[in-house]
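4 protein chains.
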Amino acid sequence: MSKTVVMDVAVRFGDCDPAGIVFFPNFLRWLDAASLDFFLQNGVQPWRESEKTGGVAGTPVLEINTRFVKSATYGETIQIHTTIDEWRGKVFFEKQLIKRGDDLLVEAKVTRAFVSRDPATGRLKAVEAPADIRARCE
Amino acid sequence: MSKTVVMDVAVRFGDCDPAGIVFFPNFLRWLDAASLDFFLQNGVQPWRESEKTGGVAGTPVLEINTRFVKSATYGETIQIHTTIDEWRGKVFFEKQLIKRGDDLLVEAKVTRAFVSRDPATGRLKAVEAPADIRARCE
Amino acid sequence: MSKTVVMDVAVRFGDCDPAGIVFFPNFLRWLDAASLDFFLQNGVQPWRESEKTGGVAGTPVLEINTRFVKSATYGETIQIHTTIDEWRGKVFFEKQLIKRGDDLLVEAKVTRAFVSRDPATGRLKAVEAPADIRARCE
Amino acid sequence: MSKTVVMDVAVRFGDCDPAGIVFFPNFLRWLDAASLDFFLQNGVQPWRESEKTGGVAGTPVLEINTRFVKSATYGETIQIHTTIDEWRGKVFFEKQLIKRGDDLLVEAKVTRAFVSRDPATGRLKAVEAPADIRARCE
Numbered sequence: 126m127s128k129t130v131v132m133d134v135a136v137r138f139g140d141c142d143p144a145g146i147v148f149f150p151n152f153l154r155w156l157d158a159a160s161l162d163f164f165l166q167n168g169v170q171p172w173r174e175s176e177k178t179g180g181v182a183g184t185p186v187l188e189i190n191t192r193f194v195k196s197a198t199y200g201e202t203i204q205i206h207t208t209i210d211e212w213r214g215k216v217f218f219e220k221q222l223i224k225r226g227d228d229l230l231v232e233a234k235v236t237r238a239f240v241s242r243d244p245a246t247g248r249l250k251a252v253e254a255p256a257d258i259r260a261r262c263e
Numbered sequence: 126m127s128k129t130v131v132m133d134v135a136v137r138f139g140d141c142d143p144a145g146i147v148f149f150p151n152f153l154r155w156l157d158a159a160s161l162d163f164f165l166q167n168g169v170q171p172w173r174e175s176e177k178t179g180g181v182a183g184t185p186v187l188e189i190n191t192r193f194v195k196s197a198t199y200g201e202t203i204q205i206h207t208t209i210d211e212w213r214g215k216v217f218f219e220k221q222l223i224k225r226g227d228d229l230l231v232e233a234k235v236t237r238a239f240v241s242r243d244p245a246t247g248r249l250k251a252v253e254a255p256a257d258i259r260a261r262c263e
Numbered sequence: 126m127s128k129t130v131v132m133d134v135a136v137r138f139g140d141c142d143p144a145g146i147v148f149f150p151n152f153l154r155w156l157d158a159a160s161l162d163f164f165l166q167n168g169v170q171p172w173r174e175s176e177k178t179g180g181v182a183g184t185p186v187l188e189i190n191t192r193f194v195k196s197a198t199y200g201e202t203i204q205i206h207t208t209i210d211e212w213r214g215k216v217f218f219e220k221q222l223i224k225r226g227d228d229l230l231v232e233a234k235v236t237r238a239f240v241s242r243d244p245a246t247g248r249l250k251a252v253e254a255p256a257d258i259r260a261r262c263e
Numbered sequence: 126m127s128k129t130v131v132m133d134v135a136v137r138f139g140d141c142d143p144a145g146i147v148f149f150p151n152f153l154r155w156l157d158a159a160s161l162d163f164f165l166q167n168g169v170q171p172w173r174e175s176e177k178t179g180g181v182a183g184t185p186v187l188e189i190n191t192r193f194v195k196s197a198t199y200g201e202t203i204q205i206h207t208t209i210d211e212w213r214g215k216v217f218f219e220k221q222l223i224k225r226g227d228d229l230l231v232e233a234k235v236t237r238a239f240v241s242r243d244p245a246t247g248r249l250k251a252v253e254a255p256a257d258i259r260a261r262c263e
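Chains as they are written, first to last, in my numbering: chain A, 126 to 263; chain B, 126 to 263; chain C, 126 to 263; chain D, 126 to 263.
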């Protein structure tokens, strides 16, 4: 059983397009925010802090597969349900559902990697998922 | 052999995130713009026009699968290459590559449907790809 | 004494630019959302509803003057304080402060007009502030 | 006589709101891009480069006053005309007009400061406009 974190989003007028519905890239903005929120809600330190001590500096997206089922419009509040399905070395697989109550709006599978900053070169490189982060999130 | 249309995008400071690279949902904004541009460059009427006479009112995204290979930053110009891989009834499959010269940055497969507006109810419904649009785009 | 409504905004990673701070146009997105929220929190009907019966269809911005005092970054929650300073015929003047607790981040003066849709032509035209809306918001 | 630089913007579907017109904060995104473009077109080094040698690291906005005259919609190409009206110590004043051919859409007055990074603390601080930058832009 893996943990699920739910983040609310209030859909605003400016998030919607001339068809009156959410412009789909905005769903991806919210998926990204919900992914970060997942770690924070599970008690993981902000990347800004962990980066300072040579730890994780972020979790860039490698791949995102998104299926759009129903639309949403401004004035509605929607919920983003995030869970990590699988951990595989330096990579992990998120499942994210965007719902409006019981209605499924968007289903997403996201592949991300943990990266830290090489102290010598300052460049980002993929690293194994730290054990303490896994323990908090599984 | 299917047609390919290339659209340039100048990456701006405000498209980039605190890591200094394009915030990934912005790539999807550009994929959407390039999809619309594909039809216009092939001589298809704007949906706003065709909608008035009962024709196509738009091509909403059903599914989008995106793989992020390399990042981009502001000051760079990138190219979005769009082609339609397959037509299947009311649905069509786009292949979109975002490149910086020869470098592949993002690879996307997008499923979209043609919709028109039901004159009785005003609601959108999926319709077969019009033959003249297929002829212009294949 | 005029009413003030406060709306919270959680600043996200993707709202920030390569300098690590909120990209300033995003402050204006939130000012717009807070302006709409002001009316709803004061019990005014959504414009989508009032528009159907020939009432207000929206409050487009005519002018916005914004002074940026301090920056904000992701992980912070900020508050947008909205009040209407003056009503003048078809136009009204909002004062909006963006604060982080006691810290002032942004000060904005916004001029907006009430518009409704002409039933004959379907075009938007400026209208006097409806008395019931003024009564709820003053 | 001061120099004017004109930058074109193609308005896209996703830049527009449910009223079918450009969501006004997007005009400010383009004003920001045009401000940066003004310096580059006049032969000023990118801030990323000048920052490395202790020079200008950016030109943050202190104040922006914007008047919205006419709307724009997707499919249109608009032009942003940027000039610097006045230089006053560490601060400069831009005048920016957004036009569609001869039609004025938006008029903006923007106050910005030059900043560089203090080598000791790494913090940004306002600095006098470098003479070579003024010479290129006046």
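Worth flagging that the hints you see were computed from the coordinates, not collected in a lab. One or more of the hints may lead you astray.
Since the list gives no way to pick out one identical chain from another, each pair is judged satisfied if it fits inside one copy or across any two copies.
[To be verified] Mimicking PhoX-like on lysine-lysine, the simulated pairs with C-alpha atoms at most 25 Å apart in a straight line are:
no. : residue 1 : residue 2
1   : Lys195    : Lys250
2   : Lys220    : Lys177
3   : Lys128    : Lys177
4   : Lys215    : Lys250
5   : Lys128    : Lys220
6   : Lys224    : Lys177
7   : Lys177    : Lys234
8   : Lys234    : Lys250
9   : Lys215    : Lys195
10  : Lys177    : Lys250
Checked hints:
Only between protomers do Lys195 and Lys250 lie at most 25 Å apart by alpha-carbon distance; the minimum there is 13 Å, versus 37 Å within a single protomer. Taking the shortest alpha-carbon separations for Lys220 and Lys177, neither the intra-copy value of 29 Å nor the inter-copy value of 40 Å comes in at or below 25 Å. When the C-alpha separation of Lys128 and Lys177 is checked against a cutoff of 25 Å, the pair qualifies neither within a copy, at 27 Å, nor between copies, at 44 Å. With identical chains, the CA atoms of Lys215 and Lys250 are at most 25 Å apart within one copy only, with a shortest distance of 10 Å there and 39 Å across copies.
For a Cα distance limit of 25 Å, the shortest separation of Lys128 from Lys220 inside one copy, 11 Å, qualifies, whereas the shortest one across copies, 35 Å, does not. Proximity of Lys224 and Lys177 under a CA criterion of 25 Å is satisfied in neither setting, with 36 Å inside one chain copy and 28 Å between copies. For the identical chains of this complex, Lys177 and Lys234 are neighbours neither inside a copy (30 Å) nor across copies (38 Å), given an alpha-carbon limit of 25 Å. Taking the closest pair of Cα atoms, Lys234 and Lys250 come within 25 Å of each other only inside a single copy of the chain (23 Å); across copies the shortest separation is 27 Å, beyond that limit.
In the homo-oligomer, the alpha carbons of Lys215 and Lys195 lie at most 25 Å apart only across protomers (17 Å), although the nearest pairing inside one protomer, at 33 Å, exceeds that limit. Taking the closest pair of Cα atoms, Lys177 and Lys250 come within 25 Å of each other both inside a single copy (15 Å) and across two copies (24 Å).
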